Amino acid sequence: MTKRGLASVAPEGAPSNNAGFAGGRTTLTYADRLSMKITVQTKAGARTFDCDPNEKLLYAGLRQGLALPYECGTGTCGTCKARTVSGPLKPGWRAAPGRSYLKEDRGEFLLCQETAAGDCTVHVPGHAPAEIASLPRPAYHTGTLGAYARLTSDVVSFTLAVDPGMNFVSGQFAVCAVPGVEGGRAYSMVNDPGQTQTLEFVVKAKPGGKLSEWIFAANRDRTRMRVFGPLGRAVFRPEENKNILCIAGGSGIAGMMSILADAGGAGYFAGHRGHVFFGVRTAADVFYLDRLGAFAAACPGNLEIAVALSEGPAPEALKARHPALRFQTGFVHAVAAAAMAGKYENIVAFVAGPPPMVDGALRMLIMEARLSAKDIRYDKFG
Amino acid sequence: MAWKRVCSVDGFAANAVRKFTVDGVEVVAVNLGGDFRVIPPMCPHMEEPLGESGLYQDGVFTCTKHLWQWDLKTGAKTGVAERDIKMYRTKVEGGELLAFIDKPLEYEYVEE
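Going line by line, the protein sequences match chains A and B. Under the numbering used here, the very last position in the first sequence is 1805; numbers go up by exactly one each time. Under the numbering used here, the very last position in the second sequence is 129; numbers go up by exactly one each time.
In case anyone wonders, no lab produced these hints; they're calculated from the structure.
Okay, derived cross-link-like pairs now, DSS-like style, lysine-lysine, Cα gap no bigger than 27 Å in a straight line:
id	chain 1	residue 1	chain 2	residue 2
1	B	K103	A	K1797
2	A	K1526	B	K94
3	B	K103	A	K1466
4	A	K1803	B	K36
Given the structure is predicted, the values throughout are model-derived calculations rather than measurements.
Please model the complete structure; the sequences and the hints are all you need to start from.
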């Protein structure tokens, strides 16, 4: 172990379980001042990095520039599975759905859940996708909530003023945690990307989710949140020169908003087409339509944005309020399939939303659109 | 003899991916368009059940979990996949799809 100064022991005050961050105590013991040495064995060789007390191994490695495999970063997808070779690990969230992919009797564990109680050596079987190395390196941030707004009965938006600022690419997400609230959740940034002091998020209520319940219980303006990010590789790359297809369900529209702000602001739709399909259940569940309408109106002819209501047609009044948007009835991937037939040339597709919607969209993009896997961008959360 | 009946090819749609249990061995069968492949039921990446997450189109088999893909003519990995897919020998006789199943084909998921 290496002795570290108190100032470098970060972060503190957040929950030590689920996908929350390290710490939980304000008084640090001697042991808390030690950082662990984690050696990761991969096919490419071994690398060693520091891991703070109660810090998830995945976050420690990523913030120090290691390319580790992950998708959700919060215990559900299982992509970051590794195997312990030596040294004491401390288990994190016992009920993490991603554990179903593990053979725990053979020492397998999730890098995004486990912390280290001493120096450890672990084996990581998978490869991190190469493009991760070109994306901004994630770090811990502290943010102050603001602009808390309830957009529908089960959707809230808020901003976070972050210190230090964060540099992110449109389509990326961050893991948010609140001191004293169990668990961390991954939310995609909504706003224009780049180096910024303000992050914008939109959150759909998740019954039973501790952080979700905290967010929805009251106006949370001026409270503090901890953020680890940016994460995710389902990003918009203008240099690819592709036409854009976005298929989003519910709060999955978050990252698409950032992509539209990014692309629209850069004049991308002057030379490329954009097709956006935003699915919700009913007219009472829509949000961001004014902003989506403004995106569409700013790029007439080249950016088409459709709102798909799965439970019935849109009221005329809603259509009249948003003349730049199209309204259709059906599941969003089916609406997209019908509208996109014959328009898949030079397309890159972004998909985000509830797992059944994502699965339906992927099936459509592979079987009907016949897109190559490299032209489909999504971060697996299920 | 270890040639075993998987299913009738009648009604087995082109590009369909179907699950079967053959003498207690779980397999997934894929119709490449008159030509068939029979493979183990789990993705070699993370044991995702391919009967649910496997898609076949234009010669390429995709697991939608992480978009690993294979050329199902040969089983060779393509795209981001890191391992080939294993396949049972197959033949069609008298309208029946048969696979040569001596013992279950399995992947080693813990790498040493």
